[in-house]
Amino acid sequence: MKKTGAQIIIDALIQENVEVLFGYPGGVVIPIFDVLYDTKEIKFILTRHEQAAAHAADGYARATGKVGVCLATSGPGATNLMTGIATAYLDSIPIVAITGQVASPLLGTDAFQEADIVGISRPITKHNFLVKSVSELPGVLKKAFHIAKTGRPGPVLVDIPVDVSRAELENYQYPQTVSIRSYKPNINGNFRQIKRAVEAIEASKKPVVFAGGGIILSGANEELLEFAKTTNIPVTTSLMGLGAFPGDHDLFIGMPGMHGAKAANYALQECDLIISIGARFDDRVTGYVAKFAPNARIIHMDIDPAAISKIIKVDIPVVGDAKNILSSLIKIVKKRDPDSWNEQVMKWKGDALFSYIKSEKEIKPQAVIEALYKETAGEAIIATEVGQNQMWAAQYYKYKKPRTLLTSGGLGTMGYGMPAAMGAAMAFPDSVVVDIAGDGSIQMNIQELATLSINQIPVKILILNNYYLGMVRQWQDLFYDRRYSATCLLGDYNGAQNAGSGNFSSKYIPDFITLATSYNVAAFRAEKSDEIVSVLKKGLAVKGPAVMEFIVSPEENVFPMVPAGKPLDEILEG
Amino acid sequence: MSIHTISVLVENNSGALSRVAGLFSSRGYNISSLTVAETEDSAISRMTIVVDGEESILEQITKQLNRLIDVIKVIDFLDDPFIQREVLLLRVESSKNNRHEIIELGNIFKARIAAVTHTSVTFELTGNRQEIEDFILMVKPYGIKELVRSGTIAITKPKK
Numbered sequence: 001m002k003k004t005g006a007q008i009i010i011d012a013l014i015q016e017n018v019e020v021l022f023g024y025p026g027g028v029v030i031p032i033f034d035v036l037y038d039t040k041e042i043k044f045i046l047t048r049h050e051q052a053a054a055h056a057a058d059g060y061a062r063a064t065g066k067v068g069v070c071l072a073t074s075g076p077g078a079t080n081l082m083t084g085i086a087t088a089y090l091d092s093i094p095i096v097a098i099t100g101q102v103a104s105p106l107l108g109t110d111a112f113q114e115a116d117i118v119g120i121s122r123p124i125t126k127h128n129f130l131v132k133s134v135s136e137l138p139g140v141l142k143k144a145f146h147i148a149k150t151g152r153p154g155p156v157l158v159d160i161p162v163d164v165s166r167a168e169l170e171n172y173q174y175p176q177t178v179s180i181r182s183y184k185p186n187i188n189g190n191f192r193q194i195k196r197a198v199e200a201i202e203a204s205k206k207p208v209v210f211a212g213g214g215i216i217l218s219g220a221n222e223e224l225l226e227f228a229k230t231t232n233i234p235v236t237t238s239l240m241g242l243g244a245f246p247g248d249h250d251l252f253i254g255m256p257g258m259h260g261a262k263a264a265n266y267a268l269q270e271c272d273l274i275i276s277i278g279a280r281f282d283d284r285v286t287g288y289v290a291k292f293a294p295n296a297r298i299i300h301m302d303i304d305p306a307a308i309s310k311i312i313k314v315d316i317p318v319v320g321d322a323k324n325i326l327s328s329l330i331k332i333v334k335k336r337d338p339d340s341w342n343e344q345v346m347k348w349k350g351d352a353l354f355s356y357i358k359s360e361k362e363i364k365p366q367a368v369i370e371a372l373y374k375e376t377a378g379e380a381i382i383a384t385e386v387g388q389n390q391m392w393a394a395q396y397y398k399y400k401k402p403r404t405l406l407t408s409g410g411l412g413t414m415g416y417g418m419p420a421a422m423g424a425a426m427a428f429p430d431s432v433v434v435d436i437a438g439d440g441s442i443q444m445n446i447q448e449l450a451t452l453s454i455n456q457i458p459v460k461i462l463i464l465n466n467y468y469l470g471m472v473r474q475w476q477d478l479f480y481d482r483r484y485s486a487t488c489l490l491g492d493y494n495g496a497q498n499a500g501s502g503n504f505s506s507k508y509i510p511d512f513i514t515l516a517t518s519y520n521v522a523a524f525r526a527e528k529s530d531e532i533v534s535v536l537k538k539g540l541a542v543k544g545p546a547v548m549e550f551i552v553s554p555e556e557n558v559f560p561m562v563p564a565g566k567p568l569d570e571i572l573e574g
Numbered sequence: 001m002s003i004h005t006i007s008v009l010v011e012n013n014s015g016a017l018s019r020v021a022g023l024f025s026s027r028g029y030n031i032s033s034l035t036v037a038e039t040e041d042s043a044i045s046r047m048t049i050v051v052d053g054e055e056s057i058l059e060q061i062t063k064q065l066n067r068l069i070d071v072i073k074v075i076d077f078l079d080d081p082f083i084q085r086e087v088l089l090l091r092v093e094s095s096k097n098n099r100h101e102i103i104e105l106g107n108i109f110k111a112r113i114a115a116v117t118h119t120s121v122t123f124e125l126t127g128n129r130q131e132i133e134d135f136i137l138m139v140k141p142y143g144i145k146e147l148v149r150s151g152t153i154a155i156t157k158p159k160k
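Protein sequence lines correspond, in order, to chains P and L. Just so you know, our numbering puts 239 at position 239 of the first sequence, and the rest follows in order with no gaps. Just so you know, our numbering puts 113 at position 113 of the second sequence, and the rest follows in order with no gaps.
The following block holds chain P by itself, in its conformation from the complex:
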């Protein structure tokens, strides 16, 4: 069948079962949008900034496991996608970004809205393509989806000059199969290595499972649960792995690292074997690398050979897909009964993984998250921004299922949460989707309130307003002699002091309630601790989007904390 490049792009998305597309129009993508105008199969969401389109595609991908797709024009449209693409890259999230490009003859001439997008995106994509002729287009799009979702997933960008979108291709057919000779991810773990891993597990007296986002990406959560139940080995998960193992399970000991649970950090430091599955030993997890888990042998199972021994020297590497490896593992591993090691770990765990000093008057941010957990029965999909809000969301909400925490773990992107929640809510309109935000982060993509409002996307935005860029302020508090340089959003340090705890300051700009109202989004504010539950109830009861603002104790810090560069067992407890 004869089709134009633009028709081929949209047809490819339909063939790839894309249900929703996030994007923003512009000069060189008008032909694509023109085709979209008549397309019933794909729901298009017009964001108010391209960055949000990339994050929304990412949030959709994290919540569903499918490939998220975003579309932007050349030049500034495409550069605005970059933060979203880098966010997806560092967390191995499959998205396909389609960007328009100036017409082929103009490439490299500094044409209007021209930027070298394949050049700019090269180090932050798994792969990218500049399409030089319409005949390449079907194959490139097929490859883009294939590369994005297989192996270690990641973002793929396809840059399409406008003349390619306009050109016609005779006998178009979307390819059914794809073969790339230089790309054959190894998904089945080497059986000999798996046997070595089992021997090490059975010989270990003090084993710990350290599971990461790879469990979620490969859908291996049930296998992980079965492995843990069979062996009774305590499980810690990285931030990216929260939800990979039930957060309310007895064997769960929280996430490790800088703001991790004491139980997880002590267990890693004291254990004699780490069974790492789909985690990459990020520096926020290991603390001081030379003193990380000094007595432990390390089994590292990962789909990416380049992740093995990158930070920590690995004793038994197993390269492959987590689900495949774990399936083989549980067939041969022997049952292990809880022993004195389990007792020790449970002693570290105590009654709760995390605790804070409660208050009757002022609102403690941790209390808000705990209340949210109760009000949503632990069933919500949570997106977060970055900073203190993110850490409290990780500590005080128990994630029972995979794909229920959407957070920018690797890149740490402020402004990620609201658009990511939007992506998730498009996929699961009947689920409760909450963005846990700080007053700083939320302003980085605040314009998306318009997108939520116009499309009535039922995202609930929970703002912990402490008048500060809280995480940086916390570092300034602990390590920079309380010199709060550029972290008070009231404009000066004294401002925040005078605003006091738990009182809304009329000096705060913006007034989130008025702001949300102007977007026609319902908004509620709590200033005292006895208002937490009622504001949550009101906000969660709204059918469409809603803002719930909590004026929290301004100088609350996230604890426990392992200062950067210290070993995991040197923990500050506030």
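A hint or two may mislead.
What the hints assert, rightly or not - Cut-off 25 Å, straight-line C-alpha distance, at most; resulting in silico cross-link-like pairs (SDA-like, lysine to any residue):
#1 L/63 <-> P/181
#2 P/335 <-> P/246
#3 P/184 <-> L/60
#4 L/73 <-> P/246
#5 P/313 <-> L/2
#6 P/184 <-> P/304
#7 L/73 <-> P/335
#8 L/140 <-> L/100
#9 P/142 <-> L/44
#10 P/132 <-> L/140
#11 P/184 <-> L/17
If you're looking for bench data, these hints aren't it; they were derived computationally from the structure.
Position chain L relative to chain P; hints supplied.
Positioned in the frame of chain P, the structure of chain L alone reads:
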């Protein structure tokens, strides 16, 4: 630090060179030499990269090269015996008085004479890195006008 010669077989695509080079430049590593050309299969190019760096980091880079979609195969010649060659084009100042002496020097190194004028001799020399560097050192006192090196290419030694 140690000098590695790394050979990368890549799909002959427009972005491939920049992807490969990016893995070095993002770490602030300077590539000492890089040659790229088609192989016996015109769809595949071979890049030969000579780089000086930390052993563990180069091992990381090698793994990450393998991860690139366009990369078919990576060989770090540290592990295998290999044959390496480089081509040098070197123009040295010369006059009537020392022309014989300079040409004699070239002969010792088996350098070919590519051009001669009243004021210069241009040599062409093929050899391994060490031979090239030795020759440059010997010719230097006469005054090097211009020097062009091709960068190293390498191939594994055949198994007997």
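Evaluation of the provided hints:
no.: 1; hint: L/63 <-> P/181; result: holds (18 Å)
no.: 2; hint: P/335 <-> P/246; result: holds (20 Å)
no.: 3; hint: P/184 <-> L/60; result: holds (19 Å)
no.: 4; hint: L/73 <-> P/246; result: violated (41 Å)
no.: 5; hint: P/313 <-> L/2; result: holds (21 Å)
no.: 6; hint: P/184 <-> P/304; result: holds (12 Å)
no.: 7; hint: L/73 <-> P/335; result: violated (42 Å)
no.: 8; hint: L/140 <-> L/100; result: holds (16 Å)
no.: 9; hint: P/142 <-> L/44; result: holds (22 Å)
no.: 10; hint: P/132 <-> L/140; result: violated (48 Å)
no.: 11; hint: P/184 <-> L/17; result: holds (21 Å)
In this structure, the earlier hints numbered 4, 7, 10 are contradicted, and the remaining ones agree with it.
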